[in-house]
Amino acid sequence: MDHDENLKLLKELVGKDCERTLACNSLKIHFGCDFYERGTSYIWIDPPWVFVKTDEIITSSLDYPDEEKQFKTWGSLLNPLNKTQLLSYDYLDEGILKLHFSENYSLLVPYFPEKEDYEHWYVNKKLSEK
1 MDHDENLKLL
11 KELVGKDCER
21 TLACNSLKIH
31 FGCDFYERGT
41 SYIWIDPPWV
51 FVKTDEIITS
61 SLDYPDEEKQ
71 FKTWGSLLNP
81 LNKTQLLSYD
91 YLDEGILKLH
101 FSENYSLLVP
111 YFPEKEDYEH
121 WYVNKKLSEK
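Each residue of the sequence shown is one higher than the one before, counting from 1 in this note's numbering.
Hints listed in this document are in silico derivations from the structure and should not be mistaken for laboratory results.
Errors might be hidden in some of the hints.
Pairs of lysine to aspartate or glutamate residues, derived as EDC-like cross-links and limited to a Cα-Cα distance of at most 20 Å, are as follows [said to hold, decoys possible]:
#1 98 <-> 55
#2 28 <-> 46
#3 125 <-> 17
#4 72 <-> 19
#5 72 <-> 46
#6 125 <-> 4
#7 126 <-> 37
#8 98 <-> 2
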């Protein structure tokens with residue numbers, strides 16, 4: 001899927017309820033979980049990313065711990081994304097994506113031009129929403 005299609009699908013997700021899962025230090029933000037347990041769409045976010053409340057950094061993909069016990073503690077920092085709503089997003093000219101969620105939480109996904117043709121996120125629309 002190309003960049004323009006990802007932005008188009010992202011726009012369709014604004015205002016919808018979502019929840020998150022973790023795969024190591026990658027995030028998956030699921031939408032449509034009321035229709036299907038695993039959702040009808042998702043945003044996949046690879047590292048690097050930063051989780052913020054207002055202007056305060058809560059954690060980032062770089063904080064990913066090596067030990068399983070620490071993983072649970074680290075993962076709990078992302079609990080505000082367990083059940084929330086995507087309120088809006090900003091896609092800046094520099095390729096930076098910022099997702100805005102309820103209660104002033106946001107995810108910042110930077111862009112690194114040295115990784116040619118690779119953005120650290122994409123949208124997957126798995127099933128038609130009813």
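Status of each hint after checking the structure:
1. 98 <-> 55: This hinted pair holds, its Cα atoms lying about 13 Å apart.
2. 28 <-> 46: Within the cut-off at roughly 9 Å; holds.
3. 125 <-> 17: holds (15 Å)
4. 72 <-> 19: With Cα atoms ~17 Å apart, residue 72 and residue 19 stay inside 20 Å; holds.
5. 72 <-> 46: Holds: residue 72 and residue 46 sit about 19 Å apart, inside 20 Å.
6. 125 <-> 4: holds (14 Å)
7. 126 <-> 37: Measuring from Cα to Cα gives roughly 12 Å; hence the hint holds.
8. 98 <-> 2: holds (18 Å)
Hint check: no violations occur; every hint is consistent with the structure.
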